[in-house]
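Number of protein chains: 2
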Amino acid sequence: MNIYFASSIRGGREDQDLYFSIIAELQKIGTVLTEHIGKKELGVMGENSLTDTEIFERDMAWIRESDVVVAEVTTPSLGVGYELGQAESMGKKIICLYRKMEGRRLSAMVSGNSYMKVFEYESLEDVKDILSKNLA
Amino acid sequence: MNIYFASSIRGGREDQDLYFSIIAELQKIGTVLTEHIGKKELGVMGENSLTDTEIFERDMAWIRESDVVVAEVTTPSLGVGYELGQAESMGKKIICLYRKMEGRRLSAMVSGNSYMKVFEYESLEDVKDILSKNLA
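Those protein sequences? They're chains A and B, same order as listed.
The numbering of the first sequence is this note's numbering, which starts it at -7 and goes up by one.
The numbering of the second sequence is this note's numbering, which starts it at -7 and goes up by one.
It is possible that part of the hints are untrue.
With a straight-line Cα cutoff of 25 Å, these simulated SDA-like cross-link-like pairs (lysine to any residue) come out [stated by the list, open to error]: (1) Lys84/A - Ala53/A; (2) Lys109/A - Arg50/B; (3) Lys84/A - Asp7/B.
Have a look at the derived ranges for each label pair, beta carbon to beta carbon [to be verified]: (4) His28/B - Phe111/A: 28 to 38 Å; (5) Ala16/A - Gln19/B: 25 to 35 Å; (6) Ser124/B - Glu114/A: 24 to 34 Å; (7) Phe12/A - Leu116/B: 39 to 49 Å; (8) Glu49/B - Met93/A: 17 to 27 Å; (9) Asp59/A - Asn(-6)/B: 31 to 41 Å; (10) Glu49/A - Met82/B: 35 to 45 Å; (11) Ser124/B - Glu46/A: 31 to 41 Å; (12) Glu114/A - Met93/B: 39 to 49 Å.
Hints are computed from structural coordinates only; laboratory data are not their basis.
Since this is a predicted model, take the numbers as computed values, not measurements.
Where a beta carbon is used, it is the ideal one built from N, C-alpha and C, also for glycine.
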């Protein structure tokens, strides 16, 4: 199974350790096309070895090749939102993972959208449980 | 001309006055379907009188009805990203407005995407100029 994992990069890297752990879980289930976004070397400014056009074209090709898109949607990200909009139009299965936070609300484009499966979680254990029930 | 104006709501309302001014400019050119997002009453938590599903369905209907989507993309927003991904798949004309900020980079899904017209601006005067050259 090809998995496209999407999460905020330029919007904030605070949760990098968590993303890294989620990717490790996903790798037990299938091939994670976007495994580089869990790497420590990737700073808040994102990738520097590729042009924006190259990143865009690679990521869109990966979405087309994927069987499922798993998105961590807690930190608002323009890129993740775009990828979800495109993945939906391609008919890809979509799973969103969200940590509820005080004073924040998930976008209605995700929470009000019946096409996507949206799951709230608090811990990595919750994520493991969600993935095993919905992907494995 | 029907214009869908998209901007960060739940991600941050710091720029509300600016959005209000951009909407006022767009209203000189066409009908702004999303004029409510410039309203002062709309807090950081967004709209409360509609369910998330109602907001989602209304906004998607508005995108379908629009001739052009104008998005302010400076503040990362999952909802705006999703709307751009969907608008592109519907073949809508897209104009993105972006203010360059220290330590931030625009998502490659927008900056590396040749489908969208992306314009950097600093002032409302710049926005007027961009809109008159590309929409009027």
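Consistency of the hints with the structure:
no.: 1; hint: Lys84/A - Ala53/A; in the structure: 13 Å, holds
no.: 2; hint: Lys109/A - Arg50/B; in the structure: 20 Å, holds
no.: 3; hint: Lys84/A - Asp7/B; in the structure: 34 Å, violated
no.: 4; hint: His28/B - Phe111/A: 28 to 38 Å; in the structure: 30 Å, holds
no.: 5; hint: Ala16/A - Gln19/B: 25 to 35 Å; in the structure: 50 Å, violated
no.: 6; hint: Ser124/B - Glu114/A: 24 to 34 Å; in the structure: 49 Å, violated
no.: 7; hint: Phe12/A - Leu116/B: 39 to 49 Å; in the structure: 42 Å, holds
no.: 8; hint: Glu49/B - Met93/A: 17 to 27 Å; in the structure: 25 Å, holds
no.: 9; hint: Asp59/A - Asn(-6)/B: 31 to 41 Å; in the structure: 36 Å, holds
no.: 10; hint: Glu49/A - Met82/B: 35 to 45 Å; in the structure: 21 Å, violated
no.: 11; hint: Ser124/B - Glu46/A: 31 to 41 Å; in the structure: 33 Å, holds
no.: 12; hint: Glu114/A - Met93/B: 39 to 49 Å; in the structure: 32 Å, violated
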